[in-house]
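*Asks:* Sequence lines, in order, name chains A and B.
Numbering follows numbering that gives the first Met the number 0, with no gaps: position 32 of the first sequence is 31.
Numbering follows numbering that gives the first Met the number 0, with no gaps: position 99 of the second sequence is 98.
What the hints contain is simulated information worked out from the structure, not anything from laboratory work.
Cβ atoms here follow ideal geometry from the backbone N, Cα and C, with glycine treated the same way.
Misleading hints may appear alongside valid ones.
To be verified - Simulated restraints on C-beta separations:
1) A:Gly51 x B:Thr305: 49 to 57 angstroms
2) B:Ala390 x A:Gly35: 32 to 40 angstroms
3) B:Gly333 x A:Thr53: 36 to 44 angstroms
4) B:Asp391 x A:Gly35: 28 to 36 angstroms
5) A:Val47 x B:Pro181: 54 to 62 angstroms
6) B:Ala150 x A:Gln26: 32 to 40 angstroms
7) B:Gly266 x A:Gly35: 14 to 22 angstroms
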Amino acid sequence: MKKITGVAAAITLVGAMGAAHAAEPLQVAALTNVDGKVLIHKGKDYTVAKTGSTLVEGDRVITLKGSKADVAFSEGCVTSLTENAVLAIGGVDVCATGPLSANPEPVKYAQAIGAPAPTSAFTPGSSAGLGLSSGMGALIGSGMVLLTAGAELGTAHNDDDNDDRPISGQ
Amino acid sequence: MRRQVYSAPMSKRPLPFTHPLNLVRWLAFALFAALAAWRIVTLNLADHYVDAGETVAATELPGVQHPVALTREARQLLDAEPQRAVALLQRAVRADPTYGLSYALLGALWEKAGDERRARSAIDAAAAFAPAKVDVRLIAAGFELGRNDLAAALRHSSVALARRGSLRASMFPELLRIADEPANRAAFSALLAEPVAWWPAFVGFAANKGERLETVMALYALSEASAANSLQGHGLAAVLRRLQREGLWLDARLAWMNALPVEQLEGMGNVFNGGFEQPLSGVGFDWVSAKAGHVLVAPLPTSGATGAAALNVVFRGPRVRYRHLSQHLMLEPGSYALRGRVRPDGLEAEPGLAWAVSCVGARERQIGVTEHFSGRSAWRKFETTFTVPAADCAAQVLRLQLGGRVALDFDASGPIWFDDIVIERLDAG
Numbered sequence: 000m001k002k003i004t005g006v007a008a009a010i011t012l013v014g015a016m017g018a019a020h021a022a023e024p025l026q027v028a029a030l031t032n033v034d035g036k037v038l039i040h041k042g043k044d045y046t047v048a049k050t051g052s053t054l055v056e057g058d059r060v061i062t063l064k065g066s067k068a069d070v071a072f073s074e075g076c077v078t079s080l081t082e083n084a085v086l087a088i089g090g091v092d093v094c095a096t097g098p099l100s101a102n103p104e105p106v107k108y109a110q111a112i113g114a115p116a117p118t119s120a121f122t123p124g125s126s127a128g129l130g131l132s133s134g135m136g137a138l139i140g141s142g143m144v145l146l147t148a149g150a151e152l153g154t155a156h157n158d159d160d161n162d163d164r165p166i167s168g169q
Numbered sequence: 000m001r002r003q004v005y006s007a008p009m010s011k012r013p014l015p016f017t018h019p020l021n022l023v024r025w026l027a028f029a030l031f032a033a034l035a036a037w038r039i040v041t042l043n044l045a046d047h048y049v050d051a052g053e054t055v056a057a058t059e060l061p062g063v064q065h066p067v068a069l070t071r072e073a074r075q076l077l078d079a080e081p082q083r084a085v086a087l088l089q090r091a092v093r094a095d096p097t098y099g100l101s102y103a104l105l106g107a108l109w110e111k112a113g114d115e116r117r118a119r120s121a122i123d124a125a126a127a128f129a130p131a132k133v134d135v136r137l138i139a140a141g142f143e144l145g146r147n148d149l150a151a152a153l154r155h156s157s158v159a160l161a162r163r164g165s166l167r168a169s170m171f172p173e174l175l176r177i178a179d180e181p182a183n184r185a186a187f188s189a190l191l192a193e194p195v196a197w198w199p200a201f202v203g204f205a206a207n208k209g210e211r212l213e214t215v216m217a218l219y220a221l222s223e224a225s226a227a228n229s230l231q232g233h234g235l236a237a238v239l240r241r242l243q244r245e246g247l248w249l250d251a252r253l254a255w256m257n258a259l260p261v262e263q264l265e266g267m268g269n270v271f272n273g274g275f276e277q278p279l280s281g282v283g284f285d286w287v288s289a290k291a292g293h294v295l296v297a298p299l300p301t302s303g304a305t306g307a308a309a310l311n312v313v314f315r316g317p318r319v320r321y322r323h324l325s326q327h328l329m330l331e332p333g334s335y336a337l338r339g340r341v342r343p344d345g346l347e348a349e350p351g352l353a354w355a356v357s358c359v360g361a362r363e364r365q366i367g368v369t370e371h372f373s374g375r376s377a378w379r380k381f382e383t384t385f386t387v388p389a390a391d392c393a394a395q396v397l398r399l400q401l402g403g404r405v406a407l408d409f410d411a412s413g414p415i416w417f418d419d420i421v422i423e424r425l426d427a428g
């Protein structure tokens, strides 16, 4: 009887732990090399980010003018953000699928201010040409979407010799 | 006893005019005084004529070389009789070698006559002697434009604009035309190394009236690149409104956030300044309170407010279809709760005031609305939920509006208070 009670208690404990684990969003990334005004938006409030700030699925990272940060995913890849970028943190297999660029208007902005435009953002006929509305739609629909205004974005895999070429819409 | 009487020694000074030398001295003094008096009278008379616009009369006064009068008369002869104008201006320069406008006009005439060297010399002298004189700067700007030196022309124009605000109406369209050409923007960049008082107004003009969005963005970028001329207030508000109007919501949002200090960014919610602790700036994604007849809208201290203030709205006049307080939002698709606190303070309205959230587009499409508030009560909480659709709703607007359909519904009077307006995502994660 004692044995049965002990097993039941163990099952209950494991179940409770599992429930607690399920209630807490899983950390999928952390910020490194934070420089300047970098913000994290967790659905309710914006907080000023620091190196080591943890990120869960659904968070947004925003780098403002003159700022930059690296997002290090627990899967092993790193996405570098330069100024005026917004990164939505995806939750599934982001390193394998890669981020998707969207939002063509900021490219106009980039051209206007003389900044190099993300080479990936303009694929004729792609959703990137549909404006910010579709960009935001894509933001929700995909695992992770990168929006940027006048920013150069780069993604590098730790095991990929730190290739910092601009990402391509994929 | 003999009294000794003291008497002062007799003066040995000769009587006036009796000694020839003294007479000469007195005559010289009298002559000088007469000349001075004559000079004072004629110059004042010339000044009077100049002030009255009688420049010809002023120049014809015997022995008077009034530089202003001579320059004015010359100005009227620039096209018809340039040779005579030059002669008059040279007389003006001799009369007052520091009168800058004479040099400037001489420079313009010599430029027209093809005498580049003398024209340059005169224009430089004009700017040196009258650096703050608007007419001189305008002539100098025209001269530099003729030499294709846009940077120098802008420097002169900038002084003129700073000194005479009324020039904006005529010069801003010209400056905008110049700024439309990308090759010209380096000259603007050079100008912005120093603070330029009229720059925010010009960028605002370009944002409101300019046809080319690219020019507006370039001018905004020039402002951002200049530590001395970073946009705030009306100039920034105009640029952000233009970006919003063009559907560049993310650009507008980032530009707005870039202008906020870190203290205001930290803890910022989906609704900015929902506690009404800051003034309603009307800029970007802050509260915009358009004027509405006799409706007063302002954050004010009151009992029961969270923090130092709450939003006070007072209807005290004629009927108005009130929907004038709003804030643009950028909520991602999903479910949200709009929450806040209200204290109606005797507001008479049927059905009353409500907060509404709508998608921004060609037409606003309402996606959520609170209950209507009126009457009198203590502070109480309110809440409503709404869903931001995935399509055609990149940006939204939160608006305080009077409910109703017919004109009589918009008859409202009395005050009401709001505080702690927040929008929280319900399905985050």
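*Asks:* Work down the list of hints and note, for each, if the structure agrees.
*Replies:* These are the hints, each one checked on the structure:
1. A:Gly51 x B:Thr305: 49 to 57 angstroms: About 32 angstroms separates the Cβ atoms of A:Gly51 and B:Thr305, which means 49 to 57 angstroms is violated.
2. B:Ala390 x A:Gly35: 32 to 40 angstroms: Since B:Ala390 and A:Gly35 have Cβ atoms about 34 angstroms apart, the given range 32 to 40 angstroms holds.
3. B:Gly333 x A:Thr53: 36 to 44 angstroms: Once the Cβ atoms are compared, 22 angstroms apart, the range 36 to 44 angstroms for A:Thr53 and B:Gly333 is violated.
4. B:Asp391 x A:Gly35: 28 to 36 angstroms: Check passed, 34 angstroms falls within 28 to 36 angstroms.
5. A:Val47 x B:Pro181: 54 to 62 angstroms: 36 angstroms, violated
6. B:Ala150 x A:Gln26: 32 to 40 angstroms: Hint violated: Cβ distance 54 angstroms, outside 32 to 40 angstroms.
7. B:Gly266 x A:Gly35: 14 to 22 angstroms: Given about 18 angstroms between the Cβ atoms, the range holds.
Consistency note: the structure conflicts with the earlier hints numbered 1, 3, 5, 6.
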